[in-house]
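A.B. asks: For reference, the chains in residue letters:
Protein chains: 2
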Amino acid sequence: MRFNIKVIADLLGIILLINGGFMALCIPVSVYYKESDWLAILIASLITIGSGFLLRLVKRKNQNKELKKKDGYIIVTAGWVVLSLFGALPYVISGAIPSFGNAFFETMSGYTTTGASILTDIEIVPKGILFWRSLTQWIGGMGMIVLALAILPFLGIGGMQLFAAEAPGITPDKLQPRIQETAKRLWFLYVGLTLAEAVALYVAGMGAFDAINHSLTTMATGGFSTTNDSMQLDSPVIQYIVIFFMFLAGTSFTLTYFALKRNFKKVFKNEEFIVYTSFIVVITIVVTVALLFVQDQPLETSFREALFQVVSLVTTTGFVSADYTAWAPFLSVLFFILLFVGGSAGSTAGGVKVIRHVVLFKNSFLELKRQLHPSAVMPVRISGKAMDQGIVYNVLAFIMIYILVFLVGVVLLSAMNVEFDTAFGAVATSLGNVGPGIGEVGPVDNFSAMPMAGKWLLSTLMLLGRLELFTVLMLLSPHFWRKR
Amino acid sequence: MRFNIKVIADLLGIILLINGGFMALCIPVSVYYKESDWLAILIASLITIGSGFLLRLVKRKNQNKELKKKDGYIIVTAGWVVLSLFGALPYVISGAIPSFGNAFFETMSGYTTTGASILTDIEIVPKGILFWRSLTQWIGGMGMIVLALAILPFLGIGGMQLFAAEAPGITPDKLQPRIQETAKRLWFLYVGLTLAEAVALYVAGMGAFDAINHSLTTMATGGFSTTNDSMQLDSPVIQYIVIFFMFLAGTSFTLTYFALKRNFKKVFKNEEFIVYTSFIVVITIVVTVALLFVQDQPLETSFREALFQVVSLVTTTGFVSADYTAWAPFLSVLFFILLFVGGSAGSTAGGVKVIRHVVLFKNSFLELKRQLHPSAVMPVRISGKAMDQGIVYNVLAFIMIYILVFLVGVVLLSAMNVEFDTAFGAVATSLGNVGPGIGEVGPVDNFSAMPMAGKWLLSTLMLLGRLELFTVLMLLSPHFWRKR
Ligand SMILES: [K+]
Ligand SMILES: [K+]
Numbered sequence: 000m001r002f003n004i005k006v007i008a009d010l011l012g013i014i015l016l017i018n019g020g021f022m023a024l025c026i027p028v029s030v031y032y033k034e035s036d037w038l039a040i041l042i043a044s045l046i047t048i049g050s051g052f053l054l055r056l057v058k059r060k061n062q063n064k065e066l067k068k069k070d071g072y073i074i075v076t077a078g079w080v081v082l083s084l085f086g087a088l089p090y091v092i093s094g095a096i097p098s099f100g101n102a103f104f105e106t107m108s109g110y111t112t113t114g115a116s117i118l119t120d121i122e123i124v125p126k127g128i129l130f131w132r133s134l135t136q137w138i139g140g141m142g143m144i145v146l147a148l149a150i151l152p153f154l155g156i157g158g159m160q161l162f163a164a165e166a167p168g169i170t171p172d173k174l175q176p177r178i179q180e181t182a183k184r185l186w187f188l189y190v191g192l193t194l195a196e197a198v199a200l201y202v203a204g205m206g207a208f209d210a211i212n213h214s215l216t217t218m219a220t221g222g223f224s225t226t227n228d229s230m231q232l233d234s235p236v237i238q239y240i241v242i243f244f245m246f247l248a249g250t251s252f253t254l255t256y257f258a259l260k261r262n263f264k265k266v267f268k269n270e271e272f273i274v275y276t277s278f279i280v281v282i283t284i285v286v287t288v289a290l291l292f293v294q295d296q297p298l299e300t301s302f303r304e305a306l307f308q309v310v311s312l313v314t315t316t317g318f319v320s321a322d323y324t325a326w327a328p329f330l331s332v333l334f335f336i337l338l339f340v341g342g343s344a345g346s347t348a349g350g351v352k353v354i355r356h357v358v359l360f361k362n363s364f365l366e367l368k369r370q371l372h373p374s375a376v377m378p379v380r381i382s383g384k385a386m387d388q389g390i391v392y393n394v395l396a397f398i399m400i401y402i403l404v405f406l407v408g409v410v411l412l413s414a415m416n417v418e419f420d421t422a423f424g425a426v427a428t429s430l431g432n433v434g435p436g437i438g439e440v441g442p443v444d445n446f447s448a449m450p451m452a453g454k455w456l457l458s459t460l461m462l463l464g465r466l467e468l469f470t471v472l473m474l475l476s477p478h479f480w481r482k483r
Numbered sequence: 000m001r002f003n004i005k006v007i008a009d010l011l012g013i014i015l016l017i018n019g020g021f022m023a024l025c026i027p028v029s030v031y032y033k034e035s036d037w038l039a040i041l042i043a044s045l046i047t048i049g050s051g052f053l054l055r056l057v058k059r060k061n062q063n064k065e066l067k068k069k070d071g072y073i074i075v076t077a078g079w080v081v082l083s084l085f086g087a088l089p090y091v092i093s094g095a096i097p098s099f100g101n102a103f104f105e106t107m108s109g110y111t112t113t114g115a116s117i118l119t120d121i122e123i124v125p126k127g128i129l130f131w132r133s134l135t136q137w138i139g140g141m142g143m144i145v146l147a148l149a150i151l152p153f154l155g156i157g158g159m160q161l162f163a164a165e166a167p168g169i170t171p172d173k174l175q176p177r178i179q180e181t182a183k184r185l186w187f188l189y190v191g192l193t194l195a196e197a198v199a200l201y202v203a204g205m206g207a208f209d210a211i212n213h214s215l216t217t218m219a220t221g222g223f224s225t226t227n228d229s230m231q232l233d234s235p236v237i238q239y240i241v242i243f244f245m246f247l248a249g250t251s252f253t254l255t256y257f258a259l260k261r262n263f264k265k266v267f268k269n270e271e272f273i274v275y276t277s278f279i280v281v282i283t284i285v286v287t288v289a290l291l292f293v294q295d296q297p298l299e300t301s302f303r304e305a306l307f308q309v310v311s312l313v314t315t316t317g318f319v320s321a322d323y324t325a326w327a328p329f330l331s332v333l334f335f336i337l338l339f340v341g342g343s344a345g346s347t348a349g350g351v352k353v354i355r356h357v358v359l360f361k362n363s364f365l366e367l368k369r370q371l372h373p374s375a376v377m378p379v380r381i382s383g384k385a386m387d388q389g390i391v392y393n394v395l396a397f398i399m400i401y402i403l404v405f406l407v408g409v410v411l412l413s414a415m416n417v418e419f420d421t422a423f424g425a426v427a428t429s430l431g432n433v434g435p436g437i438g439e440v441g442p443v444d445n446f447s448a449m450p451m452a453g454k455w456l457l458s459t460l461m462l463l464g465r466l467e468l469f470t471v472l473m474l475l476s477p478h479f480w481r482k483r
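Listed in order, the protein sequences are those of chains A and B. Per numbering that gives the first Met the number 0: the first sequence = residues 0 to 483. Per numbering that gives the first Met the number 0: the second sequence = residues 0 to 483.
Because the hints were derived from the structure by calculation, they are not lab data. You may find that some hints are simply not true.
Dumping the calculated DSSO-like pairs for lysine-lysine here, alpha-carbon to alpha-carbon at most 30 Å [what the hints assert, rightly or not]:
#, chain 1, residue 1, chain 2, residue 2
1, B, K368, A, K69
2, B, K361, A, K69
3, B, K264, A, K368
4, B, K69, A, K5
5, B, K69, B, K183
Here the structure is a predicted model, which is why all the values come from computation and not from measurement.
Okay, chain A solo, but in the shape it has when bound (with noise of 0.2 Å):
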């Protein structure tokens, strides 16, 4: 037996059970609003908690609970997509969405925190249904953690041990007890916020379902919106709380944890969140100032939006307080580049991650040094530290990767006659689990005009990007399914 595949299974069923109880959570929210929904809710609900008890059956007693690195990468990939095809349920047995191919995708941009929309009037959706769409993103976000915690490094993913060293109680190289306890600390920590940003917009004036939908997706950095206008017509007070809250969800929720723990010597000794922070500041400062020249308003409008949009897009949440496709080439241009930034690793942010950027920035200009001195050994240092020259080849091979999946991704896409800035939007946007793109999918459109086709690209893209690439193509490879 090469793969434990009974452990794997059981392993589905578990997640499959705390979904249908999610998906049950939205019952309530449907009978309170005296919509007819909650029975195909229900429906759902029972079918895929049936079929998470049926896949628990596999299991025998005494087995070998024994988990190699290859179950690993199964149980993550398969787990994300059993859940989409599952999470999908809820939109086609209502006739909230009744193509499967727009409700897979639908789904699979929840959980992937991604927040792109095939609804075009998300208004006249029942508040039930609307309830679970932002529920699959909080359940995306808190499955990231997990992930980032405990499961990527394990898995040698992409540089992840360099946040893995960062957390309490993690060694590399295998899971240990006290991750458990690690992870209930962070969940507490991300439950907490989400429920701290859902008082805060309600009594800065939000109503409650909207107040704590919005709080659901902020914290999951997902940005699946109540509203047709995203955040454009919320009030000032409103955005800046979002703003916040999108800042923390897009910071490694161990540094927040040492935050609270009044350890801030961690958090500023944080490479980091250091760059992470000052990029932040920068962009906002650059796009504001190019918005005095394009827009007529005033400095306090110009410096709302430009930081509302950067912070919106550089932690992937992908909230939209205006129309920024519309301001300026430059502007354009720019907010397509921080598609690839990524917010912080151990976040719930998608995409490239800010500390694999500091890497690349660093060893490129450490390769100057280099060339002029071939002999010295200059390894790349990240909060003081010198790196092992394995992690940083990993990070190049990850950006490299990352590259040609999008590259691969505008061909394929662009071959089903979508448009070259569409194309270029649509599958930065999706890879880097952001939401809006550029083109006709900026902004204030949305994702309903893609061909179905392109629709279920642009899903294997989201899942790619959410499980940081080698996850995925470690299963297409087929050195994986070689004996050894």
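Dock chain B with the ligands against the given chain A, drawing on the hints supplied.
C.D. replies: Showing chain B with the ligands alone in chain A's frame:
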């Protein structure tokens, strides 16, 4: 004395003398066509030769002739800039291009063998000046052969050691006496192929002047044409001849030399050549099939248009046989990506180069394997030989810096209000020394409408791309100017 300024000045003087000599070759052309510009060209030539003499006066007898690595970076970069400053004189003095900024752009585009032009009507430009325009590319190509053969490996630029190891009589660490012999042989080959193409084009029915000019710019992978329609109106036979010579110009000259010596084993063992050829074949088939869907024309026409454009872009020549950006979004995207391929190392082609892509791909796929077996050593193998990890690192850094420079270029150009796709196309085609881009700088357009600041930016990018980035970037690094 940190830099050997006297030898640097002496070498720049020699470069100017040679350049002034080439310039003088245009005087008989001008006289033959009874144009009044012979005087302008004579004056430009005398200024160039005079300046060359002045620079050589700096030299003394018995001085230290030793050149260090740092001197090498300065000579190469300064050489190309000085060439372009003086090479612009014929345009400015004759009034063919009155603005110095425009003339500098056209000249830099010549010496870097880019072929991007600001001339809106090429056919009204006097023949003597047009001949000079073609010659700048041919001189640039000649410079590239010695650069790729000897200087870049000596400076240790981005994996050029790879190619150097294949060239006869060269070791990466120092210039050997045999290098002169090798350079002479390859120059003879360059001259011979240029003559052969000129004769072939003439026999196939092209006028003598056009045949000579097009062969000069083909072998340099330059792409300047003497007609407004580039190669669109030429006969199929002429187009096939040009395709054949573009293919040769994009092949390592060392390999072509071996082939002429009937050492075919060396050729077919060369992994870069195999990938270069297979890539052209595969992409041509894809484009031909795509063209059969979108164009109503015979198979041969579709095949020829596909082959011409693919070879033209992969070899970074940039001749145009049809307005390919109007064909379909898929082909626009594909041709945009081809701007990043960049011919073979050791050819006159610009861009990233096939061999670097091979290293990139192999390393990326190996990284997936390395992840499963972290302790195993898995070097990248090229043509069967394990590559030094330092060189792989250097190649990856090169590609990363290439992408960074590309993105910075796009941001800066878009800040001058150039639209998204035009900015992407203009920067990619300039940095890759190709010539035509997409959008408003597409195959049937030119660069005349670019803002002047954009022209200076693109000129700089052409230089960066031509000199394999590191040569120029090194001069911008504070570390370079520090004593050691
Ligand atoms: K998102
Ligand atoms: K060219």
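A.B. asks: Let me make sure I understand: some of the numbered hints might not hold for this structure. Which ones are they, in numerical order?
C.D. replies: The structure breaks hints 3, 4; every other hint is satisfied.
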